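For the sequence shown, counting from 1, position 47 maps to 47 in this note's numbering; every step adds exactly one.
Note that these hints are calculated values from the structure, not bench results. Keep in mind the model is a prediction, meaning the values are calculated, not measured. Be aware that a few hints might be false.
Stated by the list, open to error - Using 30 angstroms as the maximum straight-line C-alpha spacing, the simulated DSS-like pairs for lysine-lysine come out as follows:
id, residue 1, residue 2
1, 103, 245
2, 419, 245
3, 327, 275
4, 113, 23
5, 373, 525
6, 196, 113
7, 238, 20
8, 20, 99
9, 245, 349
10, 99, 327
11, 245, 327
12, 112, 13
Stated by the list, open to error - Across the chosen pairs, the derived CB separations fall in these ranges:
id, residue 1, residue 2, range
13, 209, 481, 16 to 26 angstroms
14, 326, 247, 57 to 67 angstroms
15, 65, 12, 19 to 29 angstroms
16, 209, 327, 21 to 31 angstroms
17, 97, 226, 37 to 47 angstroms
18, 244, 368, 17 to 27 angstroms
19, 352, 96, 16 to 26 angstroms
20, 382, 12, 31 to 41 angstroms
21, 402, 209, 11 to 21 angstroms
22, 225, 127, 48 to 58 angstroms
23, 344, 27, 36 to 46 angstroms
Here a beta-carbon is modelled for each residue, glycine too, at the ideal position from N, C-alpha and C.
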Amino acid sequence: MNGKKFAEKNKSKALIWLLKNSKPHILSLTILTLLGIIISVVSVLFALSSKNVIDAATGTIAKENLKPEIFNLIILLVLQLVLDSSFSFIHVRILGNIKINLKTKLFNTILKKDWLSINNYHTGELLTRLNSDISLISTSVVDIVPSAASLFSRIFLSLYVLFKLDMMFALFCVCLGPVILITAHLYRKQFKTLHKLYQESDGKTSSFMQDALQNTLVIKSFGNENKILSYLKKLQDKNFRISIKRNNISIAANILFFITMTAGYYFALAYGAYKLSIGLMSFGTLTALLQLVGDSISPFKSVSSLLPKFYQTLASAERIIEIENIKNDDERNISLDTDQIYSEMKEIKFENVSFSYNNDKEVIKNLTLSVKKNEFVAVSGTSGMGKSTFLKLILGIIKPKSGLITIDDKYIVDKSLRKMFSYVPQGNMILAGTIKDNIAFSDKEINLEKVIECAKIAQIYDVIVNLEHGFDTLLGEGGSGLSEGQIQRLAIARALYHDADIILLDEATSALDKETELNLLKSLKELNSKTLIIVTHRSEVMDFCDRIISVK
């Protein structure tokens, strides 16, 4: 498939996507479109009413018409004010609803995608799509069709009235308008390409700043503030250059539009003044002519500005479609009673399991083993040998390239069995919010008694109750406000609250002192029904466990 056909195919997909996502709001958009058309009609009527007022005042038409025409003008003015206010009122609400719906849908899509595939995108890049791209799409969905309908109706109505007032000048406007549209059409591809480049560059810049802000301690410890600032400046300079290129096209187009508009206006003024001087035109007609010039030519500029916006919207839609096309998290279409499965479970089995990231060297190769129910198993091995990968395979977050992971040879481990597991990853991933919100993360309604019980088992209860606000203490980003060891215990309490029967800990006790660590493991052991798999380098933990699995 050549580049042109590929681009056309992407354009068609983006158009279909936009239509599909606009469909739920079709009624509101139709109302907005009709309002825009009515506003255009009122604008043209206002020009005609202004003509009649001036003609009545100058005696071109009967002076007794002056008061009724002024009254009509006031009515039209009030009507225009009401219509403009109603348009803005509805516009803001539709825009807000569309933005919320699209953003929620994309966020939900990201959460449901295959972890390994979506993990190839930096969170900063995903946030750019969630914020910048969605904002542009939402604005365009609300603006383009209603604006186009309003502008075209204004053009046609203005030209119709111009033909009635002066056919020669109307023909001049008819010839002038398409020049603007042709100019805009010539710029369309450059606008779309530059917009896509800008969004990608902006995503990289956001990703870098996010990484830097999350790791300010590391930056300070190495004294690398200047290096980070220098790299950020390079990214911003690149972003700025793309923005300037895009802006230069807009400037060139706007210069042409300005020349066209100015030429049209002064031609109308000169033409009208000439006809006025020889008695072929009234003052009122000249006033209407000048106003209708704006109403017939300026919409061409607005329509032409919709074209670059339309192509920018297609580019943003393609970026959202790219995320939607990522494969979903695997889930077998069956309803499983995980409590029943665990009650009957004997073991988790790995049979000749191999795994590699992105077809690189195998991290795990031909692994065959089993973990018995209620066992406490330590997973050891040197760094980078696949210990964390081993836990992700058990959790069903990633799939083996070959081999099988099953429960008793009956159930293949995948998303449908994930309720059986509680996972505490390296880094613990505490969210901003209260302590009790974090512990009860898996519940819609918080059971405070259960929160307290889990905190006690995780050896964090005494720490929490000694805080000024106890379980209602607000934590900052990443759990700031607690020490690393306290954060680890909080994450374990969260895993216990989830009430899963198999607990997976990935170096989740590494920041604890030996006594606290052993007390925590003893508390977990006393639960009896739990199966524990813990990645660790500590000999004390290995000694406490029933056996050790060495990943090589």
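Checked hints:
1. 103 <-> 245: At roughly 29 angstroms apart (the allowed maximum being 30 angstroms), residue 245 and residue 103 satisfy the hint.
2. 419 <-> 245: violated (52 angstroms)
3. 327 <-> 275: Not satisfied, since the Cα-Cα distance of roughly 70 angstroms exceeds 30 angstroms.
4. 113 <-> 23: holds (24 angstroms)
5. 373 <-> 525: holds (13 angstroms)
6. 196 <-> 113: holds (23 angstroms)
7. 238 <-> 20: The given pair, whose Cα atoms are some 35 angstroms apart, is violated under the 30 angstroms limit.
8. 20 <-> 99: Between residue 20 and residue 99 the Cα gap is close to 15 angstroms, so the pair holds against 30 angstroms.
9. 245 <-> 349: violated (58 angstroms)
10. 99 <-> 327: The given pair, whose Cα atoms are some 24 angstroms apart, holds under the 30 angstroms limit.
11. 245 <-> 327: Status violated; Cα separation ~35 angstroms.
12. 112 <-> 13: The hint holds at about 22 angstroms.
13. 209 <-> 481: 16 to 26 angstroms: At roughly 23 angstroms between Cβ atoms, residue 481 and residue 209 fall inside 16 to 26 angstroms, so the hint holds.
14. 326 <-> 247: 57 to 67 angstroms: violated (33 angstroms)
15. 65 <-> 12: 19 to 29 angstroms: Once the Cβ atoms are compared, 56 angstroms apart, the range 19 to 29 angstroms for residue 12 and residue 65 is violated.
16. 209 <-> 327: 21 to 31 angstroms: holds (30 angstroms)
17. 97 <-> 226: 37 to 47 angstroms: Given about 46 angstroms between the Cβ atoms, the range holds.
18. 244 <-> 368: 17 to 27 angstroms: violated (60 angstroms)
19. 352 <-> 96: 16 to 26 angstroms: Taking Cβ atoms as reference, residue 352 and residue 96 lie about 54 angstroms apart, which means the hint is violated.
20. 382 <-> 12: 31 to 41 angstroms: For residue 12 against residue 382, whose Cβ atoms are near 52 angstroms apart, the range 31 to 41 angstroms is violated.
21. 402 <-> 209: 11 to 21 angstroms: At roughly 40 angstroms between Cβ atoms, residue 209 and residue 402 fall outside 11 to 21 angstroms, so the hint is violated.
22. 225 <-> 127: 48 to 58 angstroms: violated (24 angstroms)
23. 344 <-> 27: 36 to 46 angstroms: violated (53 angstroms)
This entry does not satisfy hints 2, 3, 7, 9, 11, 14, 15, 18, 19, 20, 21, 22 and 23, going by the numbered hints stated previously.
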